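Construct the entire structure; sequences and hints are all you get.
Chains as they are written, first to last, in this note's numbering: chain W, 17 to 499; chain Y, 17 to 499; chain H, 17 to 499; chain D, 21 to 132; chain F, 21 to 132; chain Z, 21 to 132.
Keep in mind that the hints were calculated from the coordinates and are not lab data. Worth double-checking, as some hints may not be accurate.
Where chain Y lies over chain W, by a calculated footprint (3+ residues, C-beta under 8 Å) [what the hints assert, rightly or not]: (1) 68-74; (2) 196-208; (3) 321-334; (4) 343-356; (5) 365-379; (6) 400-409.
Estimated spans, in silico, between C-beta atoms of each pair [claimed, not checked]: (7) F/G44 - H/E481: 31 to 39 Å; (8) D/N128 - W/F272: 29 to 37 Å; (9) F/D115 - Y/V480: 37 to 45 Å.
As the structure is a prediction and not an experimental result, all values here were calculated from the model. Don't be surprised by glycine CBs; every beta carbon is placed ideally from N, CA and C.
Each chain, written out:
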Amino acid sequence: MTFDLKSLAKGAAFVALFAAAPSFAQEAAAVVAAVPDVAAAVAAAAPAVAAPVADKGDTAWMLTATALVFLMTIPGLALFYGGLVRSKNMLSVLTQVFMICAIVCLIWVTYGYSLAFTSGNEFIGSLDKIFLKGVTTSSMAATFSNGVYIPEYVFIAFQMTFACITPGLIVGAFAERVKFSSLMVFVVLWVTIVYFPIAHMVWYWAGPDFLRDAPTDYGYLWGKGALDFAGGTVVHINAGIAGLVGCLIIGKRIGFGKEPMPPHSLVMTMIGASLLWVGWFGFNAGSNLESNGLTALAMMNTFTATAGAAVAWMLVEQVTHGKPSMLGGVTGAVSGLVAITPASGFATPMTSILLGMVAAIVCYVFCTTIKNKLKYDDSLDVFGVHCVGGIIGALGTAIVADPALGGQGFLDYTVIPAVAGAYDMGTQMLTQGRAVVVTLIWSGGVSAVLFLILDKTIGLRPTVEAEREGLDISELGERAYNN
Amino acid sequence: MTFDLKSLAKGAAFVALFAAAPSFAQEAAAVVAAVPDVAAAVAAAAPAVAAPVADKGDTAWMLTATALVFLMTIPGLALFYGGLVRSKNMLSVLTQVFMICAIVCLIWVTYGYSLAFTSGNEFIGSLDKIFLKGVTTSSMAATFSNGVYIPEYVFIAFQMTFACITPGLIVGAFAERVKFSSLMVFVVLWVTIVYFPIAHMVWYWAGPDFLRDAPTDYGYLWGKGALDFAGGTVVHINAGIAGLVGCLIIGKRIGFGKEPMPPHSLVMTMIGASLLWVGWFGFNAGSNLESNGLTALAMMNTFTATAGAAVAWMLVEQVTHGKPSMLGGVTGAVSGLVAITPASGFATPMTSILLGMVAAIVCYVFCTTIKNKLKYDDSLDVFGVHCVGGIIGALGTAIVADPALGGQGFLDYTVIPAVAGAYDMGTQMLTQGRAVVVTLIWSGGVSAVLFLILDKTIGLRPTVEAEREGLDISELGERAYNN
Amino acid sequence: MTFDLKSLAKGAAFVALFAAAPSFAQEAAAVVAAVPDVAAAVAAAAPAVAAPVADKGDTAWMLTATALVFLMTIPGLALFYGGLVRSKNMLSVLTQVFMICAIVCLIWVTYGYSLAFTSGNEFIGSLDKIFLKGVTTSSMAATFSNGVYIPEYVFIAFQMTFACITPGLIVGAFAERVKFSSLMVFVVLWVTIVYFPIAHMVWYWAGPDFLRDAPTDYGYLWGKGALDFAGGTVVHINAGIAGLVGCLIIGKRIGFGKEPMPPHSLVMTMIGASLLWVGWFGFNAGSNLESNGLTALAMMNTFTATAGAAVAWMLVEQVTHGKPSMLGGVTGAVSGLVAITPASGFATPMTSILLGMVAAIVCYVFCTTIKNKLKYDDSLDVFGVHCVGGIIGALGTAIVADPALGGQGFLDYTVIPAVAGAYDMGTQMLTQGRAVVVTLIWSGGVSAVLFLILDKTIGLRPTVEAEREGLDISELGERAYNN
Amino acid sequence: MKLVIAIIKPFKLDDVREALSAAGVQGMTVSEVKGFGRQKGQTEIYRGAEYTTNMVPKIKIEVVVEDGQSAQVVETIQQAAHTGSIGDGKIFVQDVGQAVRIRTGETNETAL
Amino acid sequence: MKLVIAIIKPFKLDDVREALSAAGVQGMTVSEVKGFGRQKGQTEIYRGAEYTTNMVPKIKIEVVVEDGQSAQVVETIQQAAHTGSIGDGKIFVQDVGQAVRIRTGETNETAL
Amino acid sequence: MKLVIAIIKPFKLDDVREALSAAGVQGMTVSEVKGFGRQKGQTEIYRGAEYTTNMVPKIKIEVVVEDGQSAQVVETIQQAAHTGSIGDGKIFVQDVGQAVRIRTGETNETAL
Ligand SMILES: Nc1ncnc2c1ncn2[C@@H]1O[C@H](COP(=O)(O)OP(=O)(O)O)[C@@H](O)[C@H]1O
Ligand SMILES: Nc1ncnc2c1ncn2[C@@H]1O[C@H](COP(=O)(O)OP(=O)(O)O)[C@@H](O)[C@H]1O
Ligand SMILES: Nc1ncnc2c1ncn2[C@@H]1O[C@H](COP(=O)(O)OP(=O)(O)O)[C@@H](O)[C@H]1O
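Pasting the structure below:
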């Protein structure tokens, strides 16, 4: 998440709650203030003072949310994508998503978490926690409330699932025509050079109890003050632009535009879309890192924005084609999920509906008219849904977060306990725009370089025969279905 | 849930716990008693007094339960139904269930929640919370224990999933032969005129800390004292009778009784049934609104009733056909889930088994002999499983809730903290019967009127050609599978 | 789980936490110490003293974990297996797993829980809790921390899911060639004579607050001191060896080695594998019975070991065949899940990777070279993955649990609150080996006797015609797919 | 003997089969095919990509009969498969030189 | 040339294929079909609805051979596909006027 | 009339269909088959079990044409389906004695 330097978006209602129980908040804050280190590993480092203790309810929710985000990736995302390709490439897509999860898990615990979530410079963390050095079962990670902590291991696990799904999203853009081995190399490089830095820039900060005393310990975009509740920039814009660049460099599928390439199983796509929706509750509501009323609001918004977007996409289809379609409904739903991601903890359920609807309509235009005009072959509309939807969401957050529209605004963490900050929609919109542009440039640029290097060296594309035969047989030696 | 005016079924064991910790319960109750408003929005309304604070463990469980109920609907219910139709209608069923969820979400936050869960008259709530007006992240909703609250947003989300699945259940009765657009119109009308009133009549009450002071602030059937832990009447009988009425008015599928119409993928049906079972833990155990021993009992009962019913159905098949079947096993399981729904917080794991077995056997007779005799075309046995199973469950609850059989009885909320009420099985059985009859009449009657009006105006049925070709191609322009 | 007599593996970090809050731990322990009974039913038995109260966060997590383990079984395991058989036997596998769950639920509440988890002798419990006698919503079950309890019903439900999945695992070994009715009889006998005793021997003990005063009240293998966090011996080795014995006695499939028998749907297998991974978080992290930092560690290890194993299997394939395969990746993942099961609460995320990799490589050799050499027909590699992987995991636990390698070591429960015990890797390795051998002998021997008796009496195998036609049509009268 | 091949609409399969049984035909072989012809397929739209496949699912029936029976079988199929709308399908008749029943080794007319 | 069409039991496919290879047949084409005949299908019951389809899954093999090879191929198939129980299937032989190998344009016997 | 049967590589279907349309052929019937021949299937490995099926997915096209059109149709298919690599497939031509359009009852050439 990105936040304003002096603030985090947790709004007025929350402050009221704290005000109603000031002794609790202050006491907890006092306890933690005595611990010099940041964001984690408090107990081990300072056994002499009473360490912050995680609430078991928060921990329970974060464990659940982590499982939900993983469910959203495998089988969710894998099926959503897999159903859309031809059956001869089904396993290639499933394997890509599954193995990306596996490989990113290994990288994450090796050096990824450390690069993303330790103090370094504004753009990248340090190697202080390489191999998760120093993390124990009693290390704690900060949340967005003063004095509230969760076990660091559950924070690591939760964030790991985000690192897994992001490159998984990319593969849809050039599905059916990429070499498995080259893709895996790409993913290793991409998470290292693109994802970890962006996650650090957007999400790293010292924590609510420490910002007062370490007022410059945060990532670059966090410091600029953009609002991103659950990863609209880090996950969706980031993956979406990388996908577009990849599909342009890799080129079109053989037969694209000439042969029909209908989805081989919309049933799998529907299962995938449903699991995405369900898993996204973990993604968005888990991003609050606690189990409270704001978490529930994020869940509510994840319901209504998605519902609004699904209905909007279908209505547009009805108008333009005279028929709705199931694929339209579920694609709309996903565009709504993408758009609400950065706004999920800021909007109201009603403004979420509007945000979802706008996102669906804009994404519809991109996935149909504009893509067809520009004739690029983004096989599964990663750009049209995730990047475009992500941008709508990022900018829309500036609107829906406005307390004047019932939004949650942001909190000023330079005082303890934090108080509501003064919200200005125009300023916020500019801030959001900057975060979008930085992500587009960094991810787009570095991804392009990576794809080009790989293309010239180990090659990105299978042979024509292999592609024609289908990647399942040619690369994996298997068929998805044998009757 | 429906409860006796002076009581709620939370039985003796619970009371013992409270007695063992009276200071806790009384203190909490005292805090809340100072807040004049009911069932929600306490903190914002009365910032001067200490507001009730939700336990984060309760909140964590309710967030999880909400996700589980949604998982049960999509993809669960959609696949359970979809597998049973012919492949040419697969997408139509998936789309119906998916889009019903989307549309009902929108209605729920717009006016549905307000109509169902605010104080109005005995039959319908008010528009006080239209557009969720006044709900904030610190609003609280009452549970069934004195002094225990959860964030109102999570209560709204949880209840929303119930409103989504109920019309979703109906579509199975006339699968493969209904116009998508007309169905959507029907659903909008039906939840408004049937579901919200019935939910209000059965589930609305002032809450455990307020009943003493607002002794008439409840819905009609709640006031009559029927026991319904998780929605046997509101969800299953309600949907089941509406389905029957619909399938009679819409008429049989072309070729019904002449052409074979075997399930196109029992694999999908099995996946759906399994997800129904898993999701139903959220449905039943979530209906306790807390995370405690009673929640765990509801989960246990959801295991054993289902297991008993699956085994019973298969045994009956073995006896009557000489062979069991997978579809029999999973249908039995669903009939057990339906039957235990109203009883899940009242029965013991052992009496649950018996209830499940009885339900399976009665439903078996309905789905095979009686349906075949009466020759109506309830495509996926919505009536035979949900309505019949729901009635068995509603009546059976009167038996298994009896403390003499180890049941939980009910609590008398007119005193604070609540105490166990005096249980009489005969009286309770009559009360249960009344709730069943009211639901059958209201839902059956209004549904019939709605179906007839739609049939005469926009038409309920696709053309003969469209039906023959399959609704996937004719209504959505897509095929489920392309090899 | 199996533990050393004077200890449980919860290691140094935990102890530090307790030391930091000694007043809490001692107070809680004191409360419970006044209750004479063990592991459950405290409140009801001793209403005069303050009963232990379950933390709602712990309860929330355990409810969730229970649902996750069930999801892992149906549809997870069922699909993982089902995808690997020929389509004519698909439903038979799904039905077997589904109905095993149902039947074991019924047995578990009838007498299984009582036999496994009440005090009896070292090898089997008593019938004290037959029909769950005496269990109420306020009965409590002990965890592994002094003074921490959860509702007994949730413990019963969680353990029930383990009893369900274990026989479910066995069926893969002789898939496509076993009579459904005989299999069900086998399962009833096997859980009674093999599973409940082994669960009692390995997992039963008096609880952390009672061991000091009841120093001999535990199961045989628990007393010997083996470490098994989530069931490597009770579940995986147990099921794996039973499967091997079964496939040898039942004999090969008709056409085995002559006809090709490719998996009919690797898509289903991939869905199943993904749900196994997701559900396994409940299995392993739920086995901590609490919601804290150690729970999160178990989840982390379940991520990284699995990831390491999936990558390792694919790399070995790449080297030996020149191609990786999706089935290889997901099989590797499952072998990693199996291996980390006993070690999940003891290892670090980094040592878990190594354990997973070793398991994958050894299982690979078993499933390919050795099985092909020995020419037994373990249809779905139950032995090669679950038994072999389980043994690697059990022995590897001795290594990764070593505090010198960052492991959690074990706790000495003979003092209250428990303190870290002195760890010796060599001794522990011998202890682990003994648990493995006992399980192999007991489960292998009894299973062999059971299979032989059934084979001679009611017969284990369908007729040649039935097998050729496929078990779906011949035994269930259904087809999985009808186009 | 003659091989009568009929390409028909899928939902007519049962009607044709029953009519043939009634006409004394004891065996036949059926397969799923796709047909191109005058009848046009539906337009399918997948997220903006539009396909008109012109491929229509059809059922192919193959039945081998004695020479003398051929005319009646063609007649029977034509009537049973007839709906009068485009895409009803075709019937083709070819010569068959030899027939064998695998089970018994009987040949020609007795093998049918 | 002759086209030999064989309708056989699915599990016999491998046997027939091997026998034909052994007999020197180099190519063939195989498809999945459903058969009606003396052999009756299983009764299927789906939640009380009962179907006896009489449709039995079969495999159709098509192989084009030189005129002189035809008798031997029929013989080979008949033996390899034989189980002696109802439903073993049929073999039909038809004339083929022309054959072309697409790759090379070779025609007739050399194209096989 | 002639029945032209072509066994081709699946990805060539669209090319062949278009070429036939261009050549004036109005209808055809297509099915999915498996071919055995010179072209070898890929080796598939499922967890250590290795299969080389030699079964290659193919598409079978059946088109009935007037006698005079037959040569041209064969020619057209051969060109459109040609890639020059092993497994391109075969074309076979047979006589058809009779044709009927089910919809109208028209027969022979007019039925095509
Ligand atoms: N010349 C042909 N050769 C082979 N099959 C044909 C031919 N013409 C049509 N068919 C088959 O017959 C089906 C019906 O033909 P079509 O032209 O659509 O309608 P109709 O039978 O009413 O003339 C087609 O879908 C195709 O399968
Ligand atoms: N007259 C026929 N024309 C075409 N196919 C036939 C005919 N008779 C039988 N068949 C095919 O042969 C198969 C086997 O025939 P059936 O009568 O069941 O047994 P048998 O071969 O032992 O006589 C049938 O399932 C069907 O596919
Ligand atoms: N004698 C035959 N009878 C029927 N079909 C054949 C015959 N020979 C080959 N085929 C079909 O033609 C396809 C291509 O043949 P193949 O020998 O692989 O290559 P090519 O066409 O280049 O000679 C085979 O897969 C098979 O379907």
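Original post:
If you check each hint against the structure, which ones fail?
Top reply: Hint check: 2, 6 and 8 fail, others pass.
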